[in-house]
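K.L.:
Sequence:
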Amino acid sequence: MKQVLILFIVFFIHPNLWSQCIPPYTLNITDAPVLCSLSQLNGMTCSLVPFSNFGKCTLCKNQFAKNISWWSFIAEGGPATITINVGNCTRGNAMMAGLNESEECGNNPLCETAFSQGQIRLNSNLVACKIYYLWVSGYPDEADCEFTVSTTGKINAPPVPTLNNINNSTNKIISICEGVCEFPIFVTPKGSGCITEYSWTLNGEDLFIKANNLILDFPNSGNFQICATGYIGSPEKNICQTIGPECATIAVRKLNQKTGPDRYLCSELIPYEWHDQLILKNSVYTAHLTQKNCCPYDSVVRFIILPKPIPAEIIHIGQSNSEYFIDPITKIKYDYCQSKNTIDLPNVTKPYQCDSSYLLTTYFLNLSSDIKLECHEDYKELKFNVKNSSPSCGIEPILDYQYHWYLKSDTLKHSIGTNEYLRVEKNEDYCITLSVNVKIEQAIKKFTFDYCEQLTEITSDLSGGTLTYDKSSACINGESLFRILLPNQETKKSYLWKVTNGDIISPLPDSSDQIQVKWHGAEQNFGEVCVVANQLCEISPLYCQKVFFRSIIEPLACNKNIQKGLNGSLIGTAHSGTWQLIKGPGIAIFETPNKFVTTVQVSKYGIYHFKWSYVENECIHIGITSILFSRK
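In my numbering, each residue carries its 1-based index in the sequence shown increased by 198.
One thing to keep in mind: the hints can contain errors.
DSBU-like, lysine-lysine: derived pairs with alpha carbons at most 35 Å apart [said to hold, decoys possible]:
1. K506 x K548
2. K578 x K696
3. K506 x K531
4. K781 x K802
5. K793 x K762
6. K506 x K452
7. K696 x K716
8. K570 x K762
9. K538 x K479
10. K690 x K744
11. K538 x K611
12. K781 x K716
13. K585 x K531
14. K716 x K624
15. K531 x K637
16. K388 x K490
17. K490 x K479
18. K408 x K490
19. K830 x K793
20. K643 x K570
21. K644 x K669
22. K691 x K585
23. K781 x K809
24. K669 x K696
25. K529 x K644
26. K611 x K578
27. K793 x K758
28. K548 x K479
29. K643 x K531
30. K435 x K388
31. K585 x K643
32. K548 x K531
33. K624 x K696
34. K611 x K637
35. K644 x K585
36. K611 x K691
37. K744 x K570
38. K758 x K830
39. K611 x K696
Derived from the structure by calculation, the hints contain no laboratory data.
All chains should be built: construct the whole structure from the sequences, respecting the hints.
P.N.:
The following block contains the structure:
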């Protein structure tokens, strides 16, 4: 009885001996313990899991795991080969195997399959200190297969490094400013080794950072101890080597205030905004600033406000239309008078480039003049007339006129007179030099002008002239042209024109030998033009011409003077014209006011006066008629 029991136990223990793999496997990737080298899998003999163990991820050939086993290991780094020899398969006839780079789905670049008595070879260039995950499973369905693992190449544990000082600080003190943000902290391995994972503590508190670097904010001052520990392996599963800890002191200090150089401000910039301060007067100001790394500090600067420059005064005296004032800095031209106008000059002072200004006064002399001959009973004289048309803009300059008469034939210009009047004895060419001193406050400028007048010998008197005109008859409201023809017509003369029943419409008739006359209505049937000419004190006879007006007002004889009722008829001259009511006790409505024959309706009984107006031969003709509108 005991013998049977022993055989029974042996029969069931034998398969379990295959399943007790060394190193042991896990049924899912996250529980796989980390082996410290790939060599620990070398020579492992094992068999597939004898029951279903489905995974959530596809492995290779778009297949899901059926009965999968997992191992993980730390890579030495470099080329390595994992060979799996497939033994007997009692259920199913094939298996598959692969190598994952992480616990995430899809990170299985190596994946191979093999049938019973076959071989799976996984070749890879492994990264030092990286954790890799080896798995085996039945293929394409569940399978019970025995297998043996052998490893070759870079399969040992990676070399163990030491740690450099944190942030490569030689004295292990890292000085930073209070309030710093996103300050980088790092540590690197020293030597040829590698590190899988790190842990960091600050004043003994775990920061839960696994990388070799981190970023921290330090809002407060003080000394803080930062420590880094490196691991080969996984602190959660299996630590193969611990490196460190390596520690440093982070000294956090408040920044000292920064005093800047004195700053000079132009007065036109006030009020001036400087960070959080408003500059209004000379003083020392403190601004609360922040560096790019978030550290606050105080900036202290003394501001000095420069006084506004006292404007200079510029007085420019020039001749109109020629001597303009041009600003030497802005190149702006001023060609009209200015009276102490402020001219701004931006950014011109040295060395601070402040605005400046000056008061500009400009005066442009504009004179017009003529020389007239004045006749007296026993002598003649020339009068020099000067008119000052200079725009002043309220300026009251002092003008000093000086006169110097001379004969044009005298090349030495000997003086023959020193005032506006010059008595002349004979006909010659006379000239005058006018000197004008213009004074505005302390500014003085002298101008000189020359004028000449020609007095020609009279060779004949002014008799024998003719007054001509263009029409012997004219219309009332019409125009006529008259011209006086005299001996020595080219010699300068003055004229006195007189018009009866008309108006002179020509400009400057006193200096012209012809005029244009516009006639106007009058009781007389004519107009008259008369003229007297004056040449060097010689007066011509009176010349006159009459112009007779063509009759333009006429009665309309064809109309009945009495019409019964308020309706009547009107007959005008057979022309195109217009009917109008001149006078009456009521209003009148014309049926066709533009036709010479029309009917008219009045509003009241009584006598009405009508006119018919039309144009003929450039004259306006008016026909007059009166009609009594009676009840009977």
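K.L.:
Are K435 and K388 close enough, with their CA atoms no more than 35 Å apart?
P.N.:
Judged against 35 Å, a Cα distance of about 25 Å means the pair holds.
K.L.:
Could you grab the alpha-carbon distance between K490 and K479 and see if it respects the 35 Å cut-off?
P.N.:
Status holds; Cα separation ~30 Å.
K.L.:
Hey, K830 versus K793, does the alpha-carbon distance stay inside 35 Å?
P.N.:
holds (28 Å)
K.L.:
For the pair we were handed, K758 and K830, check the Cα-Cα distance against 35 Å.
P.N.:
Between K758 and K830 the Cα gap is close to 15 Å, so the pair holds against 35 Å.
K.L.:
For a C-alpha distance cap of 35 Å, please report whether K696 and K716 respect it.
P.N.:
holds (13 Å)
K.L.:
Take a quick look at whether K548 and K479 sit within 35 Å of each other, Cα to Cα.
P.N.:
holds (21 Å)
K.L.:
Given the hinted pair K644 and K669, is their Cα-Cα distance within 35 Å?
P.N.:
violated (56 Å)
K.L.:
Check the hint pairing K538 with K611 against an upper bound of 35 Å on the C-alpha distance.
P.N.:
violated (41 Å)
K.L.:
When you check the alpha-carbon spacing of K611 and K637, does it fall within 35 Å?
P.N.:
holds (27 Å)
K.L.:
Within 35 Å, alpha carbon to alpha carbon, are K781 and K802?
P.N.:
With Cα atoms ~12 Å apart, K781 and K802 stay inside 35 Å; holds.
K.L.:
Would the hint linking K793 and K758 be met if the CA-CA limit is 35 Å?
P.N.:
Measuring from Cα to Cα gives roughly 18 Å; hence the hint holds.
K.L.:
Next pair to validate is K548 with K531; report whether the Cα-Cα distance is within 35 Å.
P.N.:
Roughly 24 Å separates the two Cα atoms, so the pair holds.
Of the numbered hints stated above, those contradicted by the structure are hints 6, 8, 11, 14, 21 and 39, listed in ascending order.
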